[in-house]
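With the hints as extra help, turn the sequences into a complete structure.
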Amino acid sequence: CAEISFKPERPGSYEVEAWAKDDQGNPVYDEYSFRVEKEREEEEEGRWLSLERDKDSYAPGDVALLRTKTDDMVGCWMLVTVEGERLFDHVVHKLYSSEFDLKIPIKEEYKPNVRVAATIIREGESASDDITLMVPHTEKQLEIIIAPDKEVYAPGEKARYSIVTRDSGGAGVAAEVGLGVVDESVYAILEDDTPHPYGVFWSRRRPRVTTDFSHASLYPGGGAQGGDGGPIAVRREFPDTAYWAPFLVTGPDGSAQ
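In our numbering, the protein residues as written are 758 to 1014.
Please keep in mind that the hints were generated in silico from the structure rather than gathered at the bench.
This one's a predicted model, so the numbers in the text were calculated from it and none came from an experiment.
Even glycine gets a Cβ: it sits at the ideal position worked out from N, Cα and C.
The reader is advised that the hints may include incorrect statements.
Claimed, not checked - With a straight-line Cα cutoff of 27 Å, these simulated DSS-like cross-link-like pairs (lysine-lysine) come out: (1) Lys-851 - Lys-864; (2) Lys-812 - Lys-851; (3) Lys-826 - Lys-778; (4) Lys-812 - Lys-897; (5) Lys-812 - Lys-826; (6) Lys-860 - Lys-812; (7) Lys-864 - Lys-812; (8) Lys-851 - Lys-897; (9) Lys-915 - Lys-864; (10) Lys-826 - Lys-851.
To be verified - Using C-beta positions, here's what the derived DEER-type ranges look like: (11) Thr-922 - Tyr-944: 19 to 29 Å; (12) Glu-766 - Gly-927: 14 to 24 Å; (13) Gly-913 - Glu-948: 41 to 51 Å; (14) Gly-956 - Gly-927: 16 to 26 Å.
What follows is the structure, given as structure tokens:
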């Protein structure tokens, strides 16, 4: 076991690679990636907003308390959205303090996770932050216990295994189990990398909702001055059919206008 200290000098993405040799002299390798963000006080001047959850995970029926902090935005309105594969909920709060607890009731449909996003608009500037709330499918987790009838066997003997499957509450439950008996030397060369079924089917999901702020794309004021041009005509009617004449009749020459 070895420890190495590293102090990043600037924000950004970093990747650490480590090489070593095991007891038999075989090379081993691993890597780890992480990202360094700016501290709040190091950020550029402007509006800011931060959210901090009170727990790492929640269950339906809980109420998540999100510690919300802002700069001088008392009196502004804050849009709060609960996002996942769709927009689950949204609400608008008026700010009476620069630091308060935002309450989010946890619903069954929030499983396995949701993103809570908050946005404040003031004087053409926006401040936003978001945080992920984990609501795991604990009822989908199974406990599997495998026990042999004895610890050591002689060649030619039959081994008997007892298999017990329990639900998240500890009660026995019917389940389909795969059992493999493999030479240990195979896994000594390469470990079994079969993903855990729970992680495949019930793991964290990426939100599919995005929020945008259009003020930055607006350019106040008109065009360059000069000339006698009048105001720009803005189209206000958008009929789906520009013209319809069902009884046009052509003349003797076969034409019409």
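Going through the hints against the structure:
no. : hint                          : verdict
1   : Lys-851 - Lys-864             : 24 Å, holds
2   : Lys-812 - Lys-851             : 25 Å, holds
3   : Lys-826 - Lys-778             : 49 Å, violated
4   : Lys-812 - Lys-897             : 21 Å, holds
5   : Lys-812 - Lys-826             : 17 Å, holds
6   : Lys-860 - Lys-812             : 13 Å, holds
7   : Lys-864 - Lys-812             : 16 Å, holds
8   : Lys-851 - Lys-897             : 39 Å, violated
9   : Lys-915 - Lys-864             : 50 Å, violated
10  : Lys-826 - Lys-851             : 14 Å, holds
11  : Thr-922 - Tyr-944: 19 to 29 Å : 23 Å, holds
12  : Glu-766 - Gly-927: 14 to 24 Å : 51 Å, violated
13  : Gly-913 - Glu-948: 41 to 51 Å : 29 Å, violated
14  : Gly-956 - Gly-927: 16 to 26 Å : 22 Å, holds
The structure is inconsistent with the numbered hints 3, 8, 9, 12, 13, although it conforms to all the rest.
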